[in-house]
Amino acid sequence: MLAFLLRTATCTGAAWAVLGAGLGGCVSHAVDSGSGSGVSVGGGAMGAVGGEFRVQRLPGAHGQTLLALRRAPRAAPLRYRVIVVPGSGCAGMGPWAERYFAGLLHAQVLVLHKPGVDPYSRTAPGDCSGEFVRFDALSLWRDHARAALRADAAQRAGEWPDAVMPQLLIGISEGAELLPALASEVPALAGLVLISASGLDPLEAGTLQAQRLGAAALAQWQALGVEVELAQKDVWPGSPADSAVQQGRSLRYWHDLWHWPLQQPLLSGPWPLLQVWGEDDALVPASAYARFAARAPNRTAPYCPRALVGADHGLQRPAGPGGQAAHDGVQQVWGWLENWGRAPLQGLCAGLAQGLAQ
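Residue numbers (numbering that gives the first Met the number 0): 0 to 357.
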């Protein structure tokens, strides 16, 4: 199926299946109402410091509720905060969140999930419920995430009265497509981090991937585009065509993807931008990363790209012949952020310069 070839494999369940293999055990499935973390800044008295993720309820749009994951810093002092938007799909990050975010030692972590997604679900991409498929679309996810971040900002107001806590927005794979639309909802935003996301508009990136996969995939992709455009006049929230399924996704999902702006908001935005990808990414072609990197130097804000040699879409480099050790590129990225967090006023790219040169 075309959706499997081009998009489904980028979703949370599939992308983390490789990373999650062998991560035994689940963390405590505790629920929190969203009150403060109890952590003070700098050299002050420390409250909750530890590695346990908790489920936090946040309001979404239209009266719905999101279940997020929240974690206090693993080590004192608290230096910064990250807000993570995972990729698509209906699985959660809970089963391996402890291991995945282990390297963020001095960060408070908030991981958003779409409405209807249990953070501890392991549902495979092809097994998402019909209701999830009908209501899964970039525009809806954007609206829910905006509402959740507004509530989060209100809950955190005054939590750090003696300091401004720098925050980073991190988008993983398809989750990166929401970052520019969410940036205005994050106080003291210090930068955007794109992980395994090209930065191009989804239509352009999808076309490049279809070309990479060959003539048959490209023909299916183009045929889907014709269907999307023909149905455009009939697709609006609540319309019968809105929830009609094509290639495993609703027409609204495809309509949003076909018209979603990402490149220009990233290029014109005022935020520092760190972009990290694997050179052996099978789901996003090297040509897509190269196109964006060639256009990004015209940004007025700093841009720091980093391609990890031998790494896949999950930033994992497998063990190689001759005793080459496997490498977890995600933890490498967190190491760069920890380096930045020691002196965040220098700026995201300046703070990472030493690490990026390694």
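FYI, nobody ran anything at the bench for these hints, they're computed from the structure.
Heads up, some of the hints might be wrong.
Cβ pair distances, simulated, as ranges [said to hold, decoys possible]:
| hint | residue 1 | residue 2 | range |
| --- | --- | --- | --- |
| 1 | ALA215 | ALA101 | 24 to 30 Å |
| 2 | SER267 | ASN338 | 47 to 53 Å |
| 3 | ALA325 | ALA243 | 22 to 28 Å |
| 4 | GLN323 | GLU226 | 44 to 50 Å |
| 5 | SER128 | PRO58 | 53 to 59 Å |
| 6 | PRO58 | GLN231 | 38 to 44 Å |
| 7 | ALA306 | ALA215 | 44 to 50 Å |
| 8 | SER183 | ALA292 | 24 to 30 Å |
| 9 | SER183 | PRO296 | 21 to 27 Å |
| 10 | GLY125 | ALA293 | 33 to 39 Å |
| 11 | ALA324 | PRO296 | 30 to 36 Å |
Computed from a predicted structure; not experimentally measured.
The C-beta atom is built at its ideal place from N, Cα and C for all residues, glycine as well.
Hint-by-hint comparison with the structure:
{"no.": "1", "hint": "ALA215 to ALA101: 24 to 30 Å", "in the structure": "41 Å, violated"}
{"no.": "2", "hint": "SER267 to ASN338: 47 to 53 Å", "in the structure": "28 Å, violated"}
{"no.": "3", "hint": "ALA325 to ALA243: 22 to 28 Å", "in the structure": "43 Å, violated"}
{"no.": "4", "hint": "GLN323 to GLU226: 44 to 50 Å", "in the structure": "45 Å, holds"}
{"no.": "5", "hint": "SER128 to PRO58: 53 to 59 Å", "in the structure": "22 Å, violated"}
{"no.": "6", "hint": "PRO58 to GLN231: 38 to 44 Å", "in the structure": "31 Å, violated"}
{"no.": "7", "hint": "ALA306 to ALA215: 44 to 50 Å", "in the structure": "29 Å, violated"}
{"no.": "8", "hint": "SER183 to ALA292: 24 to 30 Å", "in the structure": "25 Å, holds"}
{"no.": "9", "hint": "SER183 to PRO296: 21 to 27 Å", "in the structure": "25 Å, holds"}
{"no.": "10", "hint": "GLY125 to ALA293: 33 to 39 Å", "in the structure": "35 Å, holds"}
{"no.": "11", "hint": "ALA324 to PRO296: 30 to 36 Å", "in the structure": "34 Å, holds"}
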